[in-house]
Every structure is written in structure tokens, then in C-alpha cells.
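S.K.: Residue-level listing of the chains:
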Amino acid sequence: MGTSKITKKAGQIAQLLFSLMLASFSCADEDTLYLSKEFQLPVEVMPKKEIYKVGDTIIVNINFSKILSDRENTITYLFEEYDFGTSVRIVELIDKSLPLGGQPGAIESFQFINQIGGIYPFGSGGGELELVFTGENYVFSGKMIVKRLGVFNISFLCDFSKPAIAVDTPSGYKNIVAGVGPSFTLVNSGIPFNYHLFPKYTASQFDTSDNSGSQARSFFPFVVEE
Amino acid sequence: MAHNTHYTLVGNNYWADYISYIVSNGGYGFKNSLGSGRIAVAEAWGAYIGGLYGSMYYGSFTGNSNAQFVYNNLLNNLESQKPSDTSNSNYWIPKGLYYDLTDTGEPSSTGVVDNANLYTPAMIFQSLNSGVLTVGQFKTDLLARQNNLQSTQVNQLVQSYGY
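Here the protein sequences line up with chains A and B, keeping their order. No gaps in the numbering here: position 11 of the first sequence is 10 in numbering that gives the first Met the number 0, and each next residue is one more. No gaps in the numbering here: position 139 of the second sequence is 138 in numbering that gives the first Met the number 0, and each next residue is one more.
A few of these clues could be false.
Now the in silico label distances, taken between C-beta atoms and shown as ranges [unchecked claim]:
| id | chain 1 | residue 1 | chain 2 | residue 2 | range |
| --- | --- | --- | --- | --- | --- |
| 1 | A | S96 | B | M122 | 23 to 29 Å |
| 2 | A | V138 | B | G62 | 30 to 36 Å |
| 3 | B | T151 | A | F111 | 14 to 20 Å |
Derived by calculation from the structure, the hints in this document are not laboratory data. Since this is a predicted model, take the numbers as computed values, not measurements. Cβ atoms here follow ideal geometry from the backbone N, Cα and C, with glycine treated the same way.
Construct all of the structure, not just a fragment, from the sequences and the given hints.
M.R.: Below, the structure written as C-alpha cells:
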């Protein structure tokens with residue numbers, strides 16, 4: 000191979016390396032802002048008490064806007080025709096050696112009367128919670144009739160499936176990916192209620208102090224007596 | 000991790016065909032795609048182990064309500080499959096089948112007939128060997144290895160998943 004060919008080859012390699020460097024340090028990523036914000040979905044459970052009787056009715060209402068502020072009120076997102084992956088999990092608190100999630104399913108201990116949207120059982124403890132989108136709000140309204148004695152917990156769950164749309168967007172970016180980080184439901188404004196039943200009947204004892212870093216207030220434990 | 004352990008059981012040739020299928024179909028393909036049976040049994044294993052081990056991990060944080068929330072979500076994901084829901088493009092991957100072999104009970108609303116509950120993850124894993132390329136072959140292998148344990152219930156369960 001002659002010197003000129005070697006020089007030409009070296010030049011081509013240098014060009015290639017330069018192109019790769021340009022590609023590596025391209026501004027494309029700097030044009031896109033990736034957000035990951037946490038949200039809270041309100042759930043109202045009534046009447047709010049510790050002890051129910053067989054045949055009593057528990058009312059569940061959910062109603063929130065398609066435009067939500069994130070947990071720290073730093074930005075608002077638009078959730079248009081969005082799948083929040085909402086579901087319920089109902090268990091009987093019966094095994095002191097297991098945490099809340101390990102308790103046996105008990106969804107068939109309740110009868111569901113769906114008014115707007117619905118709860119549709121799919122497992123021993125799980126049920127799909129279908130929200131209705133009105134065009135402005137996401138709504139669920141339904142009743143649960145208690146069918147038998149025991150100590151139970153209803154977990155209201157969500158699983159945000161995809162990015163939303165950022166409404167009040169920061170300037171300076173061509174694209175904004177409005178991602179959703181760990182997000183939870185808040186039952187009755189997130190005020191822990193009847194949570195003393197967890198350590199009494201399960202291995203779970205939740206730290207609900209403000210500095211615990213534990214935001215899920217998604218549970219409604221209660222007792223059913225005669 | 001689930002796919003990794005599965006690979007150690009089935010070996011290179013099985014996995015090369017797996018990759019080839021995914022590439023040529025641009026993903027999972029369809030239930031009637033040639034070779035889709037391998038995807039059904041293997042991806043169901045991935046979903047099952049992901050949910051199972053995830054729930055075991057998060058369940059260990061007994062004092063953390065966020066972890067228990069995730070635990071509950073993972074269990075619901077394992078239980079929630081409705082095989083007849085063709086609006087889900089991957090409806091034919093029986094991601095709930097393996098869990099249903101181990102758990103107890105299921106409401107009729109899912110369309111799944113789940114009366115089987117005596118199987119373990121280890122039993123299921125043995126029947127994901129390189130000779131098993133379809134859900135039907137998985138069922139046959141499982142029953143043969145486990146002396147027809149709950150054979151009526153297993154047949155009902157697999158049939159209710161559309162196989």
C-alpha cells in the first residue's frame with residue numbers, strides 16, 4: 000500500500016471519527032426535555048368509619064379533572080383519553096405473618112353496584128376499576144355491599160401507562176416528554192384512617208409521618224361485625 | 000431474569016429461533032403467525048416471573064406503603080388477564096396462565112376456568128424445555144412430568160386461555 004493510499008485511508012478514518020463525534024454531541028437531545036412527575040388521584044370512601052355490619056353499603060366516588068397538577072405543584076399535565084390503569088384489590092386481613100399485599104383475596108365478600116363506570120372482579124382479590132371520561136373529568140361512582148364478617152382492606156390502585164401532555168411547558172425546548180413517575184391514589188384526602196388495623200392483623204406497619212417518603216395513602220381498612 | 004433462566008434451560012438453537020422470529024415479525028406477531036407458540040410460552044414466563052419476583056421483592060418492605068401499593072399492583076397484573084379480550088393485541092400470550100396454575104380461585108367474569116392450584120414455579124419451569132414450542136406442548140409436558148396432577152383442571156384452564 001503506497002503512502003498516498005495510507006494518507007487517504009487515515010483521512011477517511013478521521014472524517015468518520017469526526018462525524019461520529021458530531022453525532023455524539025448533537026444538540027438533538029438538548030432540544031428535548033424529559034419530565035418525570037408524580038401525581039395523586041383522589042378517591043372518596045363513605046361513610047368513613049371503622050366498623051360496618053353485614054349488609055351495610057360502602058360508597059366510592061372518584062372525580063378528577065383531565066388537567067392535573069403534579070404532587071409538588073410544579074407543572075400541570077393534560078390527560079386526554081388516558082388509561083390510568085385503575086384497579087382495586089380487596090383482601091381479608093387475617094395473617095399476622097404476612098404484609099398487606101400477601102393477605103388472601105376477598106373480592107367476592109362484596110357485591111358491587113356500579114353507577115358510573117364500574118368495578119369488575121378478575122381474580123381472588125383484584126378488580127378492574129373503570130373510570131368514565133366525560134370529556135373534562137374522569138368519574139367513577141359505585142356502591143359496595145358487605146356480604147360477610149371479617150377485617151378487610153380495599154386498595155385503590157393506579158398504573159399510569161404512558162406520558163401525558165405538559166400544559167404549562169417550560170420554554171427553550173422543541174419537544175417535551177411529559178413522563179409520569181411513581182403515582183398513587185389518595186383515599187379520603189390521604190389522611191390515614193383505620194391504619195392501626197394493619198399492625199393488628201398483618202405484618203405491615205406503615206410509617207405515615209410527613210418525612211417518611213411514603214406517599215401511598217391508597218388504602219381503606221375496616222372491620223365487619225355482626 | 001426470566002428470559003435468562005429460560006435461555007439456560009433451552010440453549011442456543013432455541014434462542015436463535017426466538018430472536019429470528021421477533022426480528023422477522025417486527026415483534027410478537029400474531030397468534031396465527033408461524034412459530035408464535037414459542038413466543039406465547041416464553042413471553043408468558045417473562046410476565047409471570049417479572050410479576051412474581053417483583054411482588055416478592057416489594058412485599059418484603061412491610062412498613063412502606065408505596066411498596067405495598069406496587070405489590071398490590073403486580074398481583075393484580077398477574078390476575079387480570081382476560082384471554083378473550085382481543086382489543087389487547089397480545090391477548091394470545093397467556094401471561095396469567097402460569098400464575099393461575101399456582102393460585103386459588105378466579106371469578107367467572109374473566110372467562111378463565113381456574114380450578115388448578117397445586118403447581119409451583121419450579122414445576123412450570125421444567126416444562127419450558129427446548130422441546131416445548133407451543134402452549135399445547137407445554138400442557139402435555141407439564142401433565143406428563145407431574146403424573147397428571149389436576150389434569151382435568153389443567154385442561155380446563157388451558158382451554159379457557161384459548162389453547
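S.K.: All the hints need checking, so say for each whether the structure fits it.
M.R.: Status of the hints after comparison with the structure:
1. A/S96 x B/M122: 23 to 29 Å: Given range 23 to 29 Å: holds, Cβ gap about 25 Å.
2. A/V138 x B/G62: 30 to 36 Å: holds (34 Å)
3. B/T151 x A/F111: 14 to 20 Å: violated (31 Å)
Taken one by one, the earlier hints fail for this structure only at number 3.
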